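Asks: Produce the entire structure from the sequences given, and follow the hints as far as they go.
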Amino acid sequence: MEAQQLDMNRNEDAMRRSLSTLKQRLAIVEQGGGKKNLEKVRQRGKLTPRERIAYLCDKDTPFTEIGAFAAYGMYEEHGGCPAAGTVGGIGYIAGRQCMIVANDMTVKAGAWFPMTGKKNLRLQEIAMENHLPVIYLVDSAGVYLPMQDEIFPDKEHFGRIFRNNARMSAMGITQIAAVMGSCVAGGAYLPIMSDEVLMVEGNGSIFLAGPYLVKAAIGETIDAETLGGAVTHTEISGIADYKFSSDEECLDHIKKIVSKLGHPANAGFDRVAAVAPAKDPGELYGIIPEDSTRPYDMVEVIERIVDNSVFDQYKEDYGKSILCGYARIDGWAVGIVANQRKIVKSKKGEMQMGGVIYNDSADKAARFIMNCNQKKIPLIFLQDVTGFMVGSRSEHAGIIKDGAKLVNAVANSVVPKITVIVGNSYGAGNYAMCGKAYDPRFIYAWPNAKIAVMGGEQAAKTLLQIQVASLKAKGEEIPAAEEAKLLSEITAKYNSQTTPYYAAARLWVDEIIDPLNTRKIISESIKAANQAPVESGFSLVVFLLWSGFSLCVILPSVENGFNSCVFQVWEWV
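So the sequence shown is numbered by our numbering: it starts at 115 and just counts up by one.
Calculated from the structure, these hints are not laboratory results. Note that the structure is a prediction, hence the values are computed from the model and not measured. Incorrect hints may have been included.
Simulated crosslink set (BS3-like; lysine-lysine; CA at most 27 angstroms straight-line) [what the hints assert, rightly or not]:
#: 1; residue 1: Lys137; residue 2: Lys173
#: 2; residue 1: Lys641; residue 2: Lys550
#: 3; residue 1: Lys149; residue 2: Lys137
Restraint ranges, calculated between C-beta atoms of paired labels, are given here [as the list claims (entries may be wrong)]:
#: 4; residue 1: Ile580; residue 2: Ser610; range: 52 to 62 angstroms
#: 5; residue 1: Asn522; residue 2: Gly352; range: 49 to 59 angstroms
#: 6; residue 1: Ala379; residue 2: Leu140; range: 29 to 39 angstroms
The beta-carbon is built from N, C-alpha and C at its ideal position, and this holds for glycine as well.
Replies: This is how it looks when you write it as structure tokens:
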């Protein structure tokens with residue numbers, strides 16, 4: 115018992131150190147382009163992007179930031195791009211959840227880097243999937259010209275923003291644009307394709323070409339305010355709908371507009387009065403091992419997140435390396451799919467390693483996901499997975515087939531999927547447990563998370579073997595000391611690419627979160643998802659399975675919106 119407590123204390127210390135690093139790095143990110151640039155903005159009578167969001171949102175309500183670490187550690191040769199030059203997330207305005215997207219004019223005048231485009235598209239994607247009203251706080255100089263080839267022409271680049279404006283308008287999603295600074299070139303389409311446009315006099319401007327380009331192109335001399343200021347667009351062109359003398363007045367009017375929005379139909383996910391976990395959530399810090407290879411009981415994690423610590427397991431004694439079951443989180447009914455990290459024993463006497471997906475656990479999880487789709491229950495994936503079981507025994511048992519069933523169920527799920535990476539997320543296990551490639555509505559990571567195709571040690575040794583073999587093929591020998599040094603360098607580089615910050619920088623995860631906030635963030639995510647009705651039925655892809663002399667075809671059969679599988683067998687003639 116004493117040894118167990120020492121482990122808990124050691125784990126808690128490690129987690130708190132990780133959280134301290136998270137807070138320090140986040141504080142730097144929140145400075146945007148730095149204190150000097152922030153002060154210049156204030157001297158012009160403007161609010162900073164985070165101040166704008168804080169003023170706009172209802173007091174004492176949560177703001178769920180998305181992509182705070184986008185572009186973290188990237189573009190250093192260009193001076194960096196904190197938060198990808200955009201502050202965004204879900205906040206409450208007049209009691210309504212809204213997606214708020216604010217350009218950060220302190221970062222290269224709000225210019226768009228490649229990751230800026232990716233982040234803005236992700237924010238729009240969340241709004242579209244969850245039918246959230248969108249508020250754009252525009253203050254941007256447009257595309258960052260030194261990198262124009264990486265942000266301008268492709269499908270997922272800058273222009274996709276305006277395509278999404280049009281799609282959201284067709285979907286009936288309200289979009290409000292407040293032009294509080296520059297809005298130039300192609301970016302000028304964003305506010306005009308929104309439902310209503312507000313401008314701040316003296317600071318806001320909209321034009322396809324600024325005064326310098328106009329002078330160079332047609333020889334006309336004109337100032338920015340006359341060319342495309344608030345007065346011009348509210349009194350002459352008719353492009354803008356309202357003008358205001360300050361940021362605060364402009365933001366106040368947005369609140370008025372949002373307060374009058376009609377309420378759409380919701381998805382009808384079940385919610386009752388919330389009950390706090392019976393087990394202390396603070397103990398989460400001590401449960402997750404400092405060493406990510408060590409086992410622990412994932413049930414203990416779940417019981418510190420769910421209401422009253424009640425987790426009703428599905429097929430508890432079958433496929434034990436994946437936990438499936440029903441629970442409530444802040445009152446919301448949820449289905450949980452989680453990797454069990456302790457070593458378990460099957461009824462057949464087989465010892466199964468924690469974090470590994472076996473045939474039986476893949477089969478169980480696929481069936482459970484289908485059940486949740488049938489019942490319209492949102493799915494929560496808690497990832498700490500090292501991959502699928504390998505070896506002749508597993509291959510002969512058909513692990514690829516069973517894994518494909520799980521991946522198929524995850525890919526075709528129509529209820530919202532929310533993923534939290536609480537530890538490892540390696541290889542195909544990342545896919546099967548609803549990694550970013552499988553369209554979770556939201557995906558979060560704890561600060562100890564590791565995301566990669568395989569563990570650092572295995573990957574480094576594999577890469578080393580390839581390099582050594584290549585040298586030997588050329589007739590070169592590598593001394594043992596040099597080989598050890600090379601292994602150390604490869605390991606360090608690989609490990610730097612497995613951190614949650616590396617993942618968050620590239621938006622493989624939406625945000626890095628404190629484990630203690632997991633319950634609240636999942637609840638806010640489901641509340642957002644509940645605003646979008648589930649409009650399509652669950653359907654599985656057609657499988658062709660050859661078994662002996664029989665051809666087995668699995669065909670989807672539509673019945674009451676849920677597509678179950680009908681098995682038809684033809685004898686091989």
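Asks: Now, for every hint given, state plainly whether the structure supports it.
Replies: Outcome of the hint check:
1. Lys137 <-> Lys173: holds, 22 angstroms
2. Lys641 <-> Lys550: holds, 20 angstroms
3. Lys149 <-> Lys137: holds, 18 angstroms
4. Ile580 <-> Ser610: 52 to 62 angstroms: violated, 19 angstroms
5. Asn522 <-> Gly352: 49 to 59 angstroms: For glycine 352 against asparagine 522, whose Cβ atoms are near 52 angstroms apart, the range 49 to 59 angstroms holds.
6. Ala379 <-> Leu140: 29 to 39 angstroms: This hint holds: roughly 37 angstroms between Cβ atoms.
This entry does not satisfy hint 4, going by the numbered hints stated previously; all others are met.
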